[in-house]
Amino acid sequence: MKVIKPGILDTFQDCGRFGYAHFGVGHGGYMDQFAGPLANILVGNPIDLAVLEMHFPAPEIGFSSSVTMALTGADFGAKVNGIAIPNNRRVTLPAGSTLAFVKKGWGERTYLAVQNGWQLEKVMGSYSTHLKAGFGGFEGRALKKGDFISIEKSEKPDCGVNEVQISKWFTSLSDFYCLNTIRVIKGPEWDWLTEEAKHLIQHSTFTITHQSDRMGYQLHGLKLKRKVTFELSSSGVLPGTIQLLPNGQPLILMADCQTTGGYPRILQVIEADLPILAQKGAKEKIGFELVEIEQIIVRKESISGKLKLLKWAIQLIS
Amino acid sequence: MNGFRLHQLNESSLLVEITSGSLLEANAVICNLFVFLSNKASSMLLNVVPAYCSLLIVCKDRSSIGDVRNLIRTYQPETGNVLGLSLGEKVIIPVCYDPKLGNDLSIMSEMHKISEDETINLHLSIDYQVFMLGFLPGFPYMGEVNERIATPRKTKPQPIKAGAVGIAGRQTGIYPFYSPGGWHIVGYTPVKMFDAQQETPALLQPGNLVQFESISLEEYMDLNENKTR
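Residue numbers (the numbering used here), protein chains in the order written: chain A, 14 to 331; chain B, 1473 to 1701.
Hints may be right or wrong, so weigh each one.
Stated by the list, open to error - Derived Cβ-Cβ restraints for the label pairs, each shown as a range: (1) Trp182(A) / Arg1541(B): 19 to 29 Å; (2) Ala326(A) / Lys1562(B): 39 to 49 Å; (3) Thr1546(B) / Cys191(A): 39 to 49 Å.
Unchecked claim - Below, a list of computed lysine-lysine pairs in the DSBU-like style, where the Cα atoms sit at most 35 Å apart: (4) Lys1532(B) / Lys211(A); (5) Lys199(A) / Lys1626(B); (6) Lys238(A) / Lys1628(B); (7) Lys92(A) / Lys135(A).
Because the hints were derived from the structure by calculation, they are not lab data.
Backbone N, C-alpha and C fix where the C-beta goes; we use that ideal spot for every residue, glycine too.
Okay, chain A solo, but in the shape it has when bound:
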């Protein structure tokens, strides 16, 4: 695979890096923990292989050999040699194809998986790119023009195609990402908020500002006041932790956040709703619904559950 023209931020990611947080090495991994593994499932890969996460403007990519691939997540108007490539299907491309993304539809991150994956080395147990410290993924950085990354060869003989082939079946997720209300549970410092602030955070909308990226989303809304002025000493945080900044605005930590933080943790986005947030961008508005953790666990709401079902169904069809 060759990068003909780089996108604004293209990095290899997987489900994240674990076991090293006590060294200050954060979670990382794909922002959309649903679309990321789904791309691998669609091409029949094990879900722990790396996928390429792309933002818009996205790259122009050349494939020297025939390749079976899938795109998931945001719709960036993918085209190969002029033919529109829909998301959420298995697609086989002939040798010499060029993949380009012409128009931003909905969503913020799209994921590319290729059958058998790329030739990458794991660092600390993960393929994820740690941008700040410069390790993992491809040379610890975003892709640049001229980068060449080999794709693992299949054990079966090369059964190349002469034209683009798109599977007739597809996974449909239209309802999942449309929601604007994000489910949250109380954070450890929830009671540091005034009663008025607790009410405001549940009943007003917040705008995602342009100061939002893989590390976190800075929100803007009505100012939230705290009744406890005690200075919090640094304590563990996770993707989904919502901090209250000194200016009274919330910050939602995302995949590349640090392992610890010193701002009050007022809420926590439930794991099941993080993919919805991952596809929201600047100027979009969201609201929060406070839920009890027991409700989520009893309803067995989980991303891994949905993915297991899809994997089983796709194996049956293909």
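Since chain A is already given, all that's left is putting chain B on it; use the hints.
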């Protein structure tokens, strides 16, 4: 275990917070609990993150949370080892305080009304406990520095080179990579604080003791492993 509270942070994570004792005592309990859980419950856990007086525990599966809660409730810190000195070696870290490398000693000297040499001696005078790592891979939060050199953070972050040794409040820390930062810098270490390719990627771990040692500019140039970042 006494004097703590538990909070379930998300579907598969638990936060333990120590609610009594001094900072040093609370952190010693946390570091001991961190070692205990990392050994006893490793098959159930994805991450365990010690901080000043709290421990974040991320489980592989939400069904393990109940077992982890029970382990914590029944855990007894070893008597006689409360101050955490059993947790790993003392690490000696060379630091070059030479002004030619660029540091904030003159600013700190003026702020605290003591000489630069006195500032350096006070920084060297204590063996520091590593409370936690965070902010960047390999960045240690250590303490507590002598009150006479406790310095607030800068109001505006500045670019800081890899190996910079800094002070913020009563904490001292070391930047493993080039980064914007607000700590006042006293000197630079030539030693690499973090290497992703090593089996133990960070030089320091929570619970270590650190002693700083002054080295000359020539020695720093000879030893410098932090050249590229």
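task = Return the numbers of the hints above that this structure violates; sort them in rising order.
result = 1, 2
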